[in-house]
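Chemist: Residue strings, one per chain:
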Amino acid sequence: MSNAEPPSEADFQKIFAAEAEGRLDTLGDQLIELEKSGPTPDLVASLFREAHTIKGGAAVVGLPHVARVAHALEDLLEEVRRERRKVDPTLIDAVLAGVDAIRGLIPLAVAGDDHERAAFEAEQRLRIAIGGEPAGAPAPPPPPVEAPRRPSPPAAEAGGPPEDTQTHRVAGHAATAAPAAPAPTDITLGGEAAHHAAPEMLQMPVHRIDELVRLIGEASASTLRLGGALLDRLECEPSSLSEYRDLARCLNELQELALRARMIPVMSLAPRLRRAVRDLARDTGKQIRFETRGEDAEIDRGVLERLADPLLHLVRNAVDHGIELPEERRSKGKPSEGVVRLHAMQLGSEVVIAVSDDGRGIDLGRVREAAGQSDSTALEMDDESALYLIFRSGLSTATRVTDVSGRGVGLDAVRASLNAVRGRIEVRSDPGLGTEFRIAVPITMATLRCLVVASAGRRYGIPLHSVRAVLPPQPAASVGGRDMTMLDGRPVPISSLAGVLGTGNGCDGPAVVVSGLTRSHALEVDELIDQRDIVVKGFGELVPRLPAIAGAGIQPDGTILLVLEAAGLIERARRRALHGAAPLEGEGPGRDGAEAPAERQAAAILVVDDALTVRELQRSIFEHAGYRVRTAANGEEALERMAEEVPDLVLTDIEMPVMDGFQLTEAIRARPGFASVPIIILTSRGSEESRRRGLEAGADGYIVKSGFDQVALLSAVERLLGASQ
Amino acid sequence: MALLIPVASETYAVPLGSVREVVVSPRVTPLPTAPDAVRGVFNLRGDVVPLFDTGRILGLASIVGEPYAVLVETEHGVAGLLATDMPVTVRLHESVGHSDLEGTTETYLVGELRLAVGLDMAVLLNPVRMAQ
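Protein chains in written order, with the working numbering: chain L, 1 to 725; chain H, 1001 to 1132.
Simulated from the structure, these hints should not be mistaken for lab results.
One or more hints might be untrue.
[Unchecked claim] Restraint ranges, calculated between C-beta atoms of paired labels, are given here: (1) M201(L) / M1086(H): 54 to 62 Å; (2) M1001(H) / A111(L): 31 to 39 Å; (3) G432(L) / E1073(H): 53 to 61 Å; (4) E211(L) / R1027(H): 26 to 34 Å; (5) R1045(H) / S376(L): 48 to 56 Å; (6) R1045(H) / P473(L): 34 to 42 Å; (7) M1086(H) / R574(L): 41 to 49 Å; (8) D1085(H) / D232(L): 31 to 39 Å; (9) M1086(H) / A229(L): 27 to 35 Å; (10) G1017(H) / D557(L): 32 to 40 Å; (11) L1113(H) / A604(L): 42 to 50 Å; (12) H1098(H) / E305(L): 42 to 50 Å; (13) G104(L) / M1086(H): 53 to 61 Å; (14) E305(L) / L1113(H): 55 to 63 Å.
Glycine included, each C-beta is placed from N, C-alpha and C at the ideal position.
Go ahead and model the full structure; you've got the sequences and the hints to work with.
Modeler: This is the structure we're talking about:
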């Protein structure tokens, strides 16, 4: 199943290129004016703003090298703004050279041509102009320009002065751009060979292996169909033929070997996570050591790619919410340096990855309180159930959302990403001692072992990894309006699969107990058929995401078997129990399209940014997520828009002409009709001072723009909207 | 050239270039929990292809049964559109008027007193619209 794809960066890069062209022209004109008439505060502020906007736009559309040069240009203009630098022809020359360099770099960058070297040189020239010394010494905080979606970056370790990082990155990019595969792949395929001399290695593009895996999968499916045909047409049980068995066995082995060729170490993600820990620790003033264990655990490359964002979220959470500030730790008798650990291990057909910290743990009282505002059952939950409330969307334990910092909780987003790779997440927390999140994911996604059941005249596959037990026909007892049965001495809700899917009514056959991430549920079916390995396919982009259905497999007889998704089924069963089945049935047999997203569709977001690129990018992100979006190019325009219609949330940049983001925030807070509208400040200024100013002005959140991090942005917005409704 | 898709008493037209093939009585597996416009999925030589109720995606009455499926190529993958009768190929003449129905383009005269309305596939078969 493909979820909504992020909008194409290439499109936004083109918008950015067009916009930057105009801004570079303005910069050029203003520089000439500066040289002629000398610096006035307005002129200097405008120059600075133009450079700043170009930097922000470039970073956001994924042109990090352009952003770096613009950043250096901005720093040089900052010197002028702070009057630490005299305006003389040398300065004008340097700035103009920077403007020209950016003008030359953008087309190259947008076309995907090599421009790193040129960017590096241009940046160095600007840095030299700033202080007469190269970039090294008083490094500005590294701009958040690392494109977040780059798969397994080469070992460009954090640390060291910026020029160091730069050269690493240049080298790294060159390596990725080369035709060779990013990760060397050992295709000797024999684990045993590794003992003696280093095995011979061969690098190959990943897509060749993907193609191989796909073909082997097809061959396995054809073999199954062949078996079906033998039985149907010749009435010959295929498993009685040794030739058929040999074929099936060979294909199985082949598949396993091919899948192993796609495996890469889990720890190939470590450099990126270590970098995130370091940066965030520095921003938040914490002392943190990052430790890894489990260097030998390997996982399918495709699965690991999808784990990158969830792991990044968890690691940032550990730093941001888990580890305490050094003074607080010392006062509790802990070492002032906190530890964040990443631990990977293989358990059977799953890889378990744990992210743990020795911080303050999760405050269950506050979790209950926060969830209790919308769900009164939260207050009575036992500790374990309450702990899992943190995965609900919109839940935040912060009394006031003071810091969403682009790394906000977003645990619901983590859970959703894990769902996509059929992973589970568990959490454990000891107050005062720390928190551990454990992710368990199947090593590969190619085939899925399923229990096949019949329900209301149709057959479905239920992934075996989510089946906890199979029970004989059960007597059910009604508890609080819900039917319950017992499993291992604990009550489990029970309902018929047909009822949950809306395909029919109850039945009294056996029950399959499935468990999702946090709950279990017994589903009554008509009959248990057998177990099968299914090559699961999605339904394409046009079919909306169906939480209860994972995909479909083609059966030997050509029919399609739907494969169900435990977490989605359980959620659906729970909602039906809460809201009653009656209203759903009025809509016709088996149809209730009224899913949750409809509820939030009306929410309107006002995006305020002077950069067209950023406005359009954000419009696209939010419209994609089902929000209504209106835009304004500065604070004054924003207030006009708000007078026409009060939005549900305002997302604003800081640096803007006419009225900046701080002034806008203050103005909104000062007007009675607007005072309660949540405001998020989104900016490329990462400094503590601007953050404090933003929050003082009355913003509810402050997010540092870092590339294309949609997930963080959306989850911050969802949290605030959830809190205000 | 265009392919005419009969939907009950009405006729819709899609550019022939976007049509891959027409399947007679596809064997459809319904997708429980999906919106009404999604009739289900079927097996097209080993691929799982979604089939849409042409009536429902236009906001009209639902089509009974699955007599014909017209497979069209869209930006978002191959999709089947249900037709109530055998689709035929015609050459479209000049438009005789604009169609106001969302997801449609122009109206064409395709026979004596028979009108066909052009479908705008980019609007109709689009993930955002489907999710609504």
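Chemist: Could you check the hint for me, namely that R1045(H) and P473(L) are 34 to 42 Å apart, CB to CB?
Modeler: holds (41 Å)
Chemist: Using the beta carbons of R1045(H) and S376(L), state whether their distance is inside 48 to 56 Å or not.
Modeler: Check passed, 53 Å falls within 48 to 56 Å.
Chemist: Just to be sure I understand the hint, the distance between the Cβ atoms of E211(L) and R1027(H) should be within 26 to 34 Å; is that true here?
Modeler: For E211(L) and R1027(H) the Cβ distance comes to about 29 Å; the hint holds.
Chemist: Is it true that M1001(H) and A111(L) lie within 31 to 39 Å of each other by Cβ?
Modeler: holds (37 Å)
Chemist: CB of M1086(H) to CB of A229(L), is that within 27 to 35 Å?
Modeler: holds (31 Å)
Chemist: Looking only at beta-carbon atoms, does the pair H1098(H), E305(L) fall within the given range of 42 to 50 Å?
Modeler: holds (46 Å)
Chemist: With respect to the beta-carbon atoms only, verify the hint that D1085(H) and D232(L) lie 31 to 39 Å apart.
Modeler: The hint (31 to 39 Å, Cβ to Cβ) holds, given that D1085(H) and D232(L) are roughly 33 Å apart.
Chemist: Is 54 to 62 Å a correct range for the gap between the Cβ atoms of M201(L) and M1086(H)?
Modeler: holds (59 Å)
Chemist: Does the Cβ pair G1017(H), D557(L) satisfy 32 to 40 Å?
Modeler: holds (34 Å)
Chemist: Is 41 to 49 Å right for how far apart the beta carbons of M1086(H) and R574(L) are?
Modeler: Since the Cβ atoms of M1086(H) and R574(L) sit about 46 Å apart, the hinted range of 41 to 49 Å holds.
Chemist: Has the hinted range 55 to 63 Å been met by the Cβ atoms of E305(L) and L1113(H)?
Modeler: Roughly 58 Å apart at Cβ, these two residues keep to the hinted range, so it holds.
Chemist: Is it true that G432(L) and E1073(H) lie within 53 to 61 Å of each other by Cβ?
Modeler: Given range 53 to 61 Å: holds, Cβ gap about 60 Å.
Of the numbered hints stated above, none is contradicted by the structure.
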